[in-house]
Structure formats: structure tokens, C-alpha cells
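Protein chains: 2
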Amino acid sequence: MAGTLYLLPCPIAAGALDETLPDGVLRTAQGLSYFLAENAKSARAFLKALGHPLPLRDIDIVEIGHDPKAAAARGWLEPVLRGRDGALLSEAGAPAVADPGAGIVAAAHALGIRVQPLVGPSALLLALMASGLNGQSFRFHGYLPVAAPERAARLRELERASRSGETQLFIETPYRTAAMFAAIVQTCSSSTRLALAIDLTGAAEYIMTRTIGDWRTQAPPPLERLPAIFSLLA
Amino acid sequence: MAGTLYLLPCPIAAGALDETLPDGVLRTAQGLSYFLAENAKSARAFLKALGHPLPLRDIDIVEIGHDPKAAAARGWLEPVLRGRDGALLSEAGAPAVADPGAGIVAAAHALGIRVQPLVGPSALLLALMASGLNGQSFRFHGYLPVAAPERAARLRELERASRSGETQLFIETPYRTAAMFAAIVQTCSSSTRLALAIDLTGAAEYIMTRTIGDWRTQAPPPLERLPAIFSLLA
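First to last, the protein sequences are chains A and B. All residue numbers for the first sequence refer to our numbering, where the first residue is 1 and numbers rise by one. All residue numbers for the second sequence refer to our numbering, where the first residue is 1 and numbers rise by one.
Calculated from the structure, these hints are not laboratory results. Take these hints with a grain of salt, some might be off.
Since the list gives no way to pick out one identical chain from another, each pair is judged satisfied if it fits inside one copy or across any two copies.
The calculated SDA-like cross-link candidates involving lysine to any residue, where the alpha carbons are at most 25 Å apart (straight line), are [unchecked claim]: (1) LYS48 to GLY24; (2) LYS48 to GLU19; (3) LYS69 to PRO145; (4) LYS48 to ASP18; (5) LYS48 to ASP214; (6) LYS69 to SER191; (7) LYS48 to ARG27; (8) LYS41 to LEU56; (9) LYS48 to GLU91; (10) LYS69 to ALA203; (11) LYS69 to GLU205; (12) LYS48 to ASP23; (13) LYS48 to THR173; (14) LYS41 to ALA110; (15) LYS69 to ARG163; (16) LYS69 to TYR143; (17) LYS41 to ARG151; (18) LYS69 to SER164; (19) LYS41 to ASP85.
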């Protein structure tokens, strides 16, 4: 009988594991010895931090990279198919959400492997909860275009779409978050609300929702080189 | 100085709290004595289950109902504004996501109250993780229309929209999930994928992704009167 593929969230910032992962999830992780991870080095650090009882040399970590190919999934899941439980973990947060890994989960379903998601931190979910914007209708876009004209056009498009009441969420890489904030403040209407969730669960956590008009008159948010989730609602 | 408004997730099914809530979150909840809850009775049961150290009569639970009015938020937040920490909790899952409460969070931001989201279970997030469908671009619609013709039209619309690669998520009340499944299977194309996440973290948890064509030839999923999240991707 095939094993189970657990979907194991990882911390999204440095800090105590017991703030962001349930005890039961830590225990499940401690009981596994087969992991599919974006990066083997950070997976090892995570397993060490959660006090995995096995020595690291007895734990199999398969590095699937940042853009795992669906064609490789069958091979990676072979041990699970033969009865060994395993876990998919991402670099930070929930696997397969705003992150690679969905193709592996899809392959598990196709192979008849039981898929078991575990509770843990998701920057996206925490940002939406804390935004005060509509959480009953929302859309996540991933990354927006980087080039200034395309980015501005896309921001205007999202702002327009949000007039229906649907919150629009997107992310940006840490070294471009300040530029993204500047572009939003320049592009969007003063009455549109922008929620910022910076370094969630981390030491520099900053959460604030303001209208664009208010953002324009306040000191800029502490974005520099920190991960951030942006949520817009006109 | 104003207190902090914590956003406290609740279990989404009966079972051990330590499978779905981090220790640190349980400790935070144990340290609070002011709660804004959809339903006071279930809030009391939750606080008892997490071993709150105070007798229930010393804990203030304000019942905000299923559709809290923004106009009332200022009054509810008054104690927090005066320096008492408090928590917003929902009936199940993450507050203000696929659930009421966003207006209270928005009021907290407007009043300058610090908002602190806590990690916990979200059926929506777990369903998306486990679906194997695109988690880098997705849209949550809440409830679809109940009447059959409108529901079918909306399902066709969502299926069409998902051709861009964007996963479409929606929910249904437990006593209508079987009817929703039947409508999807009847309405959508055989190559479209439908992910079902039923009774997540509960005793009857069932997670499966199949094409509509495959769903048509298999025994119907165990949906009867259970909460479910539906995810579609053409």
C-alpha cells in the first residue's frame, strides 16, 4: 500500500518554531525520513531546528529545485508509492501556494497517493487576515511585471478590477518591494486602500492598511529588502 | 497606549488542538481576557479546550454575530484602544478570511491599533495546498448562486476563466455540497480538473483531485452534509 505525502509548511521568518507550527505537525515531521525540498541545505537546517530524532545522514532529502519538472515527480514519489511516508516542504511557508510544488501534488493524486496538508504559516493568508480588506472574495496574482510601464498598467488594471469588491493580492521580491510601493502610491487613486504586510512573523514585522492618499502623506513603510505582501482594494 | 488586536484562528473540525494550533498561539490566547467572537458559546468552548487559566466569568466575550456592522466596531475596540489586548476569533478557521470580521480589522487599522495575525488552520489554504492545482495564481469566490440555472452559468464562467491557468476556488454550505458536486460534474468539460477537500483536519477528511471525466466514472465522493472546498482548473 502506498504511503502518504504530507505537505509540510516551513517558518517564514527566523524565530521560535512553536509560534508558527503546531506540536502535532512537528511530531509528524519528526516521524518522517523522506523529504522533497526546494533546497536541501535549508531543509536540513529546518529538520535540525525541529529536533528530528534521526541523524541527518539517515534522512533522505531530495532536492527538487525552484522549478520542479512534472516529469520528474513520478521518480521522486516512487518511495511513497512503495509505502514510505514522505513530505513535500517549501523554502518558506505553505508548499505549493505562492511557491513551487503543485505539480508534485498533482502527480501524487494521479498515482493514488494520499495527500495530507499540514497547518503552518502562510504569509499570504496572514496578510489577508490582517489587511481588513475583503477576505470573502479575493484574487492572488503572484508577481507583477517588473518594467515600470507594464507594472503601472497592471496596477491600474488590478485597481479597476477591485472596484467589484474583490481584494487583489500580489508579492514582490524583497529587493524590489520599495520600488513596488513607490509605483503603487504613484499610480493608484487616493481613495484606494493598500495593505502592507512586511516580514510577517519576523523581527521586523509591520502590518498597516491605509488609503493611498494617507500613504502619500506618511513616512514610507519599512520595506527595504524585506519580503512583503501587497493587497489592494479600491 | 493602545493594546493589540490579535487575529486568532479556531479549529475547523473536532479534534486535538495541538494538531492545528501552534503552542505559542495557544499561550497568547491563554494570556487574553477580551474576545470578539461570532458566537459566544463556541468561543467559551474553545477557550475551555485550550485550557484558559481564568474562570470563564472573568473573561469578556463580546458576541459580534455572523454579519458584524462596521458602525459597531469602534465600540467593540474601545477597550483595546484604552490599552487592553484583545482577540478576534471566528467560528472556524482564520478570522476575516472566507468569514466575517474584516470590517473590525479595518476599524482597528483606522484607530491606530496594532493588528497581529496568528497562525492556525484555514480550510481554504489547506485545500489549495492539497489540490495540486495552480497555487501561484488563484481566485476565491466565496459562495456561488444557489438556483440551478445561475449556478450552472457561474460554473461555466469560472471554468472559462480558469483557462488562463488561474485556479478558481469556492465553498458551499454542508447541506448543499452534494448538489454542488452534481452540478459541477454535469456542467464542466471532462478534461477540467476538480479538487475536492472535504472535512479538512476532521475525522471524515477526504482530499482528491480528478478530471471531471474521471469523477463521472467513479463512485461519488463522501460529501453528504460535510463542509467542502471546491477548486476548478480547466
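Results for each hint:
1. LYS48 to GLY24: Both: 17 Å inside a copy, 20 Å across copies.
2. LYS48 to GLU19: both (17 Å within a copy, 20 Å between copies)
3. LYS69 to PRO145: within (24 Å within a copy, 38 Å between copies)
4. LYS48 to ASP18: both (14 Å within a copy, 21 Å between copies)
5. LYS48 to ASP214: neither (45 Å within a copy, 42 Å between copies)
6. LYS69 to SER191: Answer is between: at 21 Å across copies they meet the 25 Å cutoff, but 43 Å inside does not.
7. LYS48 to ARG27: Cα proximity of LYS48 and ARG27: in one copy and across copies (13 Å, 24 Å).
8. LYS41 to LEU56: For LYS41 and LEU56, the Cα distance is within 25 Å only inside one copy (11 Å; across copies 47 Å).
9. LYS48 to GLU91: within (15 Å within a copy, 36 Å between copies)
10. LYS69 to ALA203: neither (35 Å within a copy, 34 Å between copies)
11. LYS69 to GLU205: This pair counts as neither: shortest intra-copy Cα distance 34 Å, inter-copy 29 Å.
12. LYS48 to ASP23: For LYS48 and ASP23, both the intra-copy (15 Å) and inter-copy (19 Å) Cα distances are at most 25 Å.
13. LYS48 to THR173: neither (27 Å within a copy, 42 Å between copies)
14. LYS41 to ALA110: neither (29 Å within a copy, 43 Å between copies)
15. LYS69 to ARG163: Between copies only: 21 Å across chains, 37 Å inside a chain, cut-off 25 Å.
16. LYS69 to TYR143: within (20 Å within a copy, 34 Å between copies)
17. LYS41 to ARG151: Cα proximity of LYS41 and ARG151: none, with 34 Å in one copy and 48 Å across.
18. LYS69 to SER164: Close across copies (20 Å), not inside one copy (37 Å); limit 25 Å.
19. LYS41 to ASP85: Close inside one copy (21 Å), not across copies (39 Å); limit 25 Å.
Of the hints listed earlier, those the structure fails to meet are numbers 5, 10, 11, 13, 14, 17, in rising order.
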